[in-house]
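Asker: Using the sequences provided together with the hints, build the complete structure.
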Amino acid sequence: MTEIILRRLGFMLLTMFIVSITIFVISEVVPIDVARNILGQFATEETIAALREQLGLNCPTSARYVIWLIGDDWVPPARELLGGEDLLPSGCTPEGLDRAGFVRGDMGVSTRTGALVAPYLLRRLKSSLILAGIAFVMIMPLSLLFGVLAGLKEGEFLDHFISITSIVTTSSPSFAVGVILIVIFALWLGWLPGISALMTEASAFESPAKLAMPIMVLFFAEAGYVARMTRASLIDVMCQPYIRTAILKGLPHWEVVFKHALRNALLAPITVITLHINWLIGGVVVVEMLFGFPGLGSALLEASLNKDLYVIEAGALLMTFVATSTQLLSDIIYVYLNPRIRYS
Amino acid sequence: MTDRQDMNWICNQWRKLRTSRVAFLLESNLALIGLSIVILWVVVAILAPLLAPYAPNNITGESNGAPSMTHPMGTDHLGRDVFSRLLYGSRSILLLAPFSVLCAVMMGITLGLTAGFFGGIVDEVMMRILDAVMAFPVLLLYMIIIAAVGASAINVVIAITIGGTPGITRIVRSLALDVRSREFVQAARLRGESPLYIMFREILPNCLGPLIVDTCLRVGYATFAIGTLGFLGLGLPPPDPDWGRMVAEGRVWILTAPWTVLFPSLAISSLVVGLNLFADGLSEASRRI
Amino acid sequence: MDRIAEERVLVVESLRVSYETRRGDVKAVRDVSFKIKRGEALGLVGESGCGKSTTAMAIMGYLSSNGRVDGGRVLFQGENLVGKTDKELQPIRGSRMAMVYQDPMTTLNPSLRIERQLTEVLVVHEGLTKREAHERCIEMLEKVQMPDPGQMMKRYPHEISGGQQQRAVIAMSLLCNPALLIMDEPTTGLDVTVEATVLDLVRALRNEFDSALLYISHNLGVIARVCDRIGVMYCGELLEEGRVEDIFLNPLHPYTKSLLGCIPSVGTSKTVVPLRPIPGRVPALNALPAGCVFEPRCGYSEERCREVHPPLVTIEGDRSVRCARWEDMGEMVTPVSDDLAVSLTVRDKREDTEPLLSLSHLKTFYTDKPSWIGRLVAGKKEQCVKAVDDVSVDLESQTILGVVGESGCGKTSLAKTIVGLIAPTEGRIEFLGVDVSKIVEKRPGGIRKELQMVFQNPDSTLNPTQSVRQIIARPLQISHTVVRSQIQEEVCRLLDVVNLDESYLGSRPTHMSGGEKQRVAIARAIASRPELVVCDEPVSSLDVSVQGAVLNTLLDIQRVYKTSLLFISHDLGVVRYLCDVIVVMYLGKVCEIGPGEALFTPPYHPYTEALLSAVPVPDPTVKQARIRLEGSVPSALNPPTGCRFHTRCPRKVGEICEMTEPPAQLVSEGHVIYCHIPLGYLRQVKPVIHGE
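Protein chains in written order, with the working numbering: chain A, 1 to 344; chain B, 345 to 633; chain C, 634 to 1325.
These aren't lab readings, by the way, just hints derived from the structure by calculation. Watch out, some of these pointers could steer you wrong.
[As the list claims (entries may be wrong)] Calculated Cβ distances over 10 Å to all of chain C for the following chain A residues:
{"no.": "1", "residue": "F157"}
{"no.": "2", "residue": "L248"}
{"no.": "3", "residue": "R340"}
[To be verified] Derived lysine-lysine pairs resembling DSS-like cross-links, with alpha carbons at most 25 Å apart:
{"no.": "4", "chain 1": "A", "residue 1": "K153", "chain 2": "C", "residue 2": "K717"}
{"no.": "5", "chain 1": "C", "residue 1": "K787", "chain 2": "C", "residue 2": "K776"}
{"no.": "6", "chain 1": "C", "residue 1": "K670", "chain 2": "C", "residue 2": "K776"}
{"no.": "7", "chain 1": "A", "residue 1": "K259", "chain 2": "C", "residue 2": "K890"}
{"no.": "8", "chain 1": "A", "residue 1": "K126", "chain 2": "A", "residue 2": "K307"}
{"no.": "9", "chain 1": "C", "residue 1": "K1075", "chain 2": "A", "residue 2": "K259"}
{"no.": "10", "chain 1": "C", "residue 1": "K720", "chain 2": "A", "residue 2": "K153"}
{"no.": "11", "chain 1": "C", "residue 1": "K717", "chain 2": "C", "residue 2": "K668"}
{"no.": "12", "chain 1": "A", "residue 1": "K259", "chain 2": "C", "residue 2": "K787"}
{"no.": "13", "chain 1": "C", "residue 1": "K1256", "chain 2": "C", "residue 2": "K890"}
{"no.": "14", "chain 1": "C", "residue 1": "K668", "chain 2": "C", "residue 2": "K890"}
{"no.": "15", "chain 1": "C", "residue 1": "K996", "chain 2": "C", "residue 2": "K890"}
{"no.": "16", "chain 1": "C", "residue 1": "K660", "chain 2": "C", "residue 2": "K717"}
Yeah, the Cβ is synthetic: ideal placement off N, Cα and C, and Gly gets one too.
Answerer: Following this line, the structure appears as structure tokens:
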């Protein structure tokens, strides 16, 4: 068990390291000029050059990466120690950018808004976590239930109904589902409010009605998949020899299902569900864009469209951290639930 | 030597009940429905110039006009006919999705076979890299890639190929590992066959079955992804009709002119559902055989 | 046997079972009738697809959704069970009628402890409390000779050995003292020595509980040991039924007779009695012959056998047989064709020549090196499985060398190392005078083609996407055995050698039976005309009637091409029949090596002795000594010190067995025993099997 945890942690650190380098490299390759983007089409060459200087964009990528990682507030003292030599190439330490570096928690400054990245992203992360949490609690038990029902009544009407509904809902892209739901619930029935431009983090949670549709869209996207997997797992388990043994031992049917089958059937779905927490946190960009929800995904999307490098970096690393944590959680749960591994 | 009428055999026999080797697809209603939907859209895509009343990018009506005799699905915010844009939009998506999946499959087969056959350090390194890539929600991956290299048809294909290759590599690798342990591969080694021969003549032909089914599923995912990318503004650049982008553009007027978003949404949903129904039916049937 | 009371616990009358498939109805069981009295044991024997398991399932009322009982009755203690629903059957199942299955690992629920799985039977059927049930279960576990029952209850199934799992399942079935116990191949898949203890247990339990026992197996030897009566099934029909002694000594049905004639037994060898396999194959259930179902393969058939389906005739109240010519059976002389008899080895004896294959101190270890994290944090050590530990054997040319042993003895690893699929850890392999102690990819091409292999599993030994022609032609192309233009001809010739028709050329393996696939595999192996063919359990997954054909094919090849064979098996009977020299292995070491006849008569290595006494012999008149080993084979990760066998050896001398490795003792020319017990003492041991 300990080995698994340590392995995952090591892997996580390694991945984050590689991802951070990759993003820096990609951004170097891309031809979009950040400064020009910010100042608009009518800016003069001088103002653009000045902004570039101010943002430290004339610095070579490798130096910029190092500064980003470990900051540059150690440069002046180091310079003094080493007798006044310039450790970093020119243009890399413009005044006013006193940075502590990512490893010490300073995620830099957004090139678009000029605000600190860390508080901004963490606020967004918090909103995403809450939404993901609510969605998870509402979606997962229901989908497991549907999956079990479909599996038990294999071949009958209930099974066909649940299976087909599942395929249709999970297949439809979430923006399409969102649109259809908005048309039905906000336009025709008028039960729920329509979308607003952009909710702030505070206003997003003030009334449950605002969250109803985003959660419905998430439900349609996820529930079907989980239900079908549970169904497949249950059907597979019911074909196993040990179920035959239980039946031929004379156990009543409900006892066979609940005490013998479910334990083994739910193993796979539960471990996969934990992996989906990952998706619920960062992958719901579409839902965020459609309903104006201020989450982590939309923050990243905006940053990508505007080449806001530090936001992209921090956001991507945050996502990697979340992803590997959920993988670790999933591994732990699997080991815990599966006696074959736990007691070997 | 055991009497094979044990539990699993019994269950399989029951599933084989409705299967016929040649006509299995036709007997699976779901697969049939799925296939029909897909074929319908393919026909539409091919005949788009004949079926569309207007050119897709021309302004032919009032802004956000309701459905009428001249514009059966209304007009969008710039006054372009939604119906024509819908028909033309099917072309790009039906071209890009299978093409990107094909690229992903070719890459995936090469990588997966290599990892599965050679094993050892090659396998370990490749798997760690793939794990890292797969840890990312795919959408974010697309976003970062396209934001980096800009939006165009080729880049969309590249993004989807990169996003899809790890999954295919995983599948090919596990199939390859399974087949590699089979005795006819050992027999090939004893004959002194070269690694290339073993990979492509002994192992690959035996992986094709599940791979084909997975590929069909992936075309569905790719379509899904292309639509979503369009919605997020990362797809084909305007003014070409792109179903996802149509929804994004019309989103603001959703309450006043719902037809601008409703019809593209239904279109893309139907296509992806059709693809998935077909792939699902295929996988059910192949499991029975 | 006065414990066999008159009460008829189970009466099966004209049972018919069919399955609905897309190709129409398949009549899996047709007109099967038998009765079992209280305390009596009936063995149902037959090959794969004969319907014995289906019959058992029909009795329990557990056919899949597309199976149904078409006709007949199943009278259990007077009540007809046919047509009852699951709800009606539930109180009977597990309490008055119980079942033991083939593979105990999959039979037990991996997520529940043993205690839970045992006690729930009593809680549901007898309404006991958990505590009372727990006590009863401990008692029962003691009766099935389970070591440390208290501990066992707390374990999960994967934590106990195969033999212990099966005991748990047997205990589970006997908890409510059922009137009928059905056992479906309960010992298949267990090691021979473990199987022997389980069979002993079944016999002991029969004395204590007077349940009627329906025992299903394909192994006639096992049936002879356990049952009073035997029913022979073939392709869904019951062909013969009667007392065990009567059937074995005086079989009346040609099928039974042929079946007995094609089982290699520990007493016979190829030079004494040739195996007579049954030609042809079992008909498909949807293409049954009009008359007698066995007629197409029967050596005694007549016109009326083809036209009329023979009824089951009862003889002397005690026996029944389904054959039109049963009365003539006694006088029939089994035709012996000359070409089947293998003449005594007429080898060109080349004096003082090098052996074909020479292994010196060969070692193959599998090491598991944990990552540095594991070692640092979890303290994991390097683990090493010593699969083959210091084996030195010579194989002369034109000989058949057999390697026999139970699971974990290292025989498969030995085969793979010799052939080059695995690299040896230490030691030397010399083949045709060349040092080949490396992996096959590094061996010279000329040597590679002289050393080929036939594998165990017929289902995965051929590439399913290639035709037979491609499969056999490929090695011919690579090894350039013949010129290109003659490849087609050579392929046909090879098919002929393995007794397959030209019509197989275009077939794919998926359409072929196990025996046919294995023969194609043999053709592929000999295509390059190798000097040595290593055969790793090639007949273990085949039906008995087909085994003989494959074994005879191997003998033909050896005789005609002067090929040598290294034959690996766990089946002593097959090895005795086929091999000139036999090596007995245990946990990676050689225990005994010698010519066939010498090995099976005293002096024995104690392990060989135990093996011989454990093997079920299909002859109820034979007396077998009863030597049983405790426990099961220890883990190869941590083998015992000194003599590996000392933990289970019934003849253990003392501390010397634990401390030092046993020395080689030369018994006679070519016969060596590795044991501390002095030869003089071993020579005086009584023979294990007598009355042959």
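Asker: Next, verify each hint and record whether it holds.
Answerer: Against the structure, the hints:
For F157/A, the requirement that its beta carbon stay farther than 10 Å from each beta carbon of chain C is met, with the minimum near 17 Å. Its beta-carbon lying about 5 Å from the closest one in chain C, L248/A breaks the requirement of being farther than 10 Å from that chain. Listed as outside the interface, R340/A is inconsistent with that label: its C-beta sits roughly 5 Å from the nearest C-beta of chain C, within the 10 Å cut-off. At most 25 Å may separate the alpha-carbon atoms for a hinted pair to count; K153/A and K717/C meet this at roughly 21 Å.
Of the supplied pair hints, the one linking K787/C and K776/C holds, its CA atoms being roughly 18 Å apart against a limit of 25 Å. Only pairs whose Cα atoms come within 25 Å are accepted, and K670/C paired with K776/C is accepted, the gap being roughly 24 Å. Restraint check for K259/A and K890/C: the C-alpha separation of about 49 Å exceeds 25 Å, so the hint is violated. The hinted pair formed by K126/A and K307/A meets the criterion: a straight-line CA distance of about 23 Å does not exceed 25 Å.
With a CA separation close to 55 Å, the supplied pair K1075/C and K259/A exceeds the 25 Å bound. With a C-alpha separation of about 17 Å, the suggested pair K720/C and K153/A falls inside the 25 Å cut-off, and the hint holds. With a C-alpha separation of about 20 Å, the suggested pair K717/C and K668/C falls inside the 25 Å cut-off, and the hint holds. Straight-line distance between C-alpha atoms of K259/A and K787/C comes to about 17 Å, which keeps the hinted pair within the 25 Å bound.
Our distance criterion of 25 Å between C-alpha atoms is met by K1256/C and K890/C, whose separation comes to about 22 Å. Proposed proximity of K668/C and K890/C is supported: the alpha carbons are some 23 Å apart, at most 25 Å. Only pairs whose Cα atoms come within 25 Å are accepted, and K996/C paired with K890/C is rejected, the gap being roughly 45 Å. Simply put, K660/C and K717/C have alpha-carbon atoms about 21 Å apart, close enough for the 25 Å limit, and the pair holds.
Hints 2, 3, 7, 9, 15, counting from the list given before, are not met by this structure.
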